[in-house]
Amino acid sequence: MSWYLTVLPLLLQGALNAIILMLVSLLFSTLIGAGLAFVDLWGPRWCRAPIRIFSWIGRSLPPLLILFAVFYLTTAAGWRLSPMTAAIIAFTFFGTAYKYEIIRSGLISVPKGQFEAGAALGIPFSSLLFRVVIRQAIPLMAPSYISHTTVLLKETSLASAIAVLDVMGAVNGLIYSAGNTMALMLMAAVFYLVVNGIMIVIETRLRRT
Amino acid sequence: MQPARNESRPMVSLTDIHKSFGLKEILKGVSLDVPRGHAVSIIGPSGSGKTTLLRCVNYLEQPTSGEVRLDGELLAPSGSPVGERALRPARRKMGMVFQQFNLFKNMTALENVIYPQMVSLGRKRPEARDKALALLEQVGLADRASHMPSELSGGQQQRVAISRALAMDPKVMLFDEVTSALDPELVGEVLKVMRTLAENGMTMIIVTHEMAFARDVSDTVVFMEQGVIQVAGPPAEIFAPGRADRLGAFLSRSARQGMETHA
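Going down the list, the sequences are from chains F and X. Position one of the first sequence corresponds to residue 1 (the working numbering), numbered consecutively onward. Position one of the second sequence corresponds to residue 1001 (the working numbering), numbered consecutively onward.
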């Protein structure tokens, strides 16, 4: 019993941090990624090259490298970011690159005829986008969007490298201080299974709309 | 500025329309007047430019040069690119029906007919809904109003698409090979709706492969080939037997194909 009292506060703190990191960076990367996808597809042509270059960098570099870059480079520049803020920025950076690609491919899967019908009926493009195009794109992009989001949750464990206490960071510390490795690993596993399980349920919902 | 209503002025007037895709010139100077209340059918082999011409009428394809007038009003200056927003008022006065129906797949049949009225014409929902229900009734689909497009047959989808276009109270209806994607047994129900429209005085431009329909319904038949209008005239003249020109060759070719597909 006392063993649980020792480990639980730290594990729950780790779980909370992991969830905050995932949800905040998920929110930002979805919004920015969607914005980039719209601009890429329907915005000025000169925007395309910089967006593609950003996507190439964001998807090519290891998340850990981006994490270090954000944390240490800002510190070197005299800009003191908390580890959590640095982690959110790094996760948003590479998360956005993936979400942009996923949303873009969802949008271009909507048949051209839907756009032509809208144009022929004199429907303003913004209305068509929100009432027709995005709604048809959501079920198309749900599987890859959620797959990437589950990866994002697992990658929160990297944040312990810049001293953000996440679930695996907490487990790692407790193995040495409190012992009972198997129980600790099991609890971490349950956390990931439950949160990503919810993601997978959301996916099946989205696919059906 | 709204030009005064004038019965003798054509509803749609095309002047010297050219359209190129890259180096390939699809339309090589087409002029055509469609009088108010007339049904004009455009026939011709595939690649003749007839669908491109129809799509130039509402600027889904922007003509490389040439003028389109709707009821006397110029859509855009010849040859200069024009934005979506500037085209909207004219497009709202033209109904278009597509080969692939293009119903909004995330909306019910009824919502497909309501939504454009509300967003493009600013109608309130009750008014738009009444109009939509009346139109679906007219095309025989009152009992399918709450179905999604994927739950409807091709012929039913196409009739919903016609209702959606009619709900905008268009001055002209543009039909782009609207029966080509349908199973043969579903073609009749769509043609019947179009025939009624023509009889009620709707101005229509119809790109079609249905020769019998073109002959029965049209006031004028236009034969296009290689990007130009080769012949235009009343159906009796166009379909007169024993023509020795390119039109005659095209007609006997499509009659042969028609017999093969119906055999």
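Incorrect hints may appear among the rest.
Short, incomplete list of chain F residues facing chain X, as computed with Cβ under 8 Å [claimed, not checked]:
#, residue
1, G43
2, C47
3, S105
4, S109
5, G113
6, A119
Don't read these hints as lab results, they were simulated from the structure. No experiment lies behind these values; they were computed from the predicted model shown. Ideal Cβ placement from N, Cα and C applies to all residues, glycine included.
### Query
Looking back at the hints listed earlier, which ones does the structure fail to meet?
Hints 1, 2, 3, 4 not satisfied by this model.
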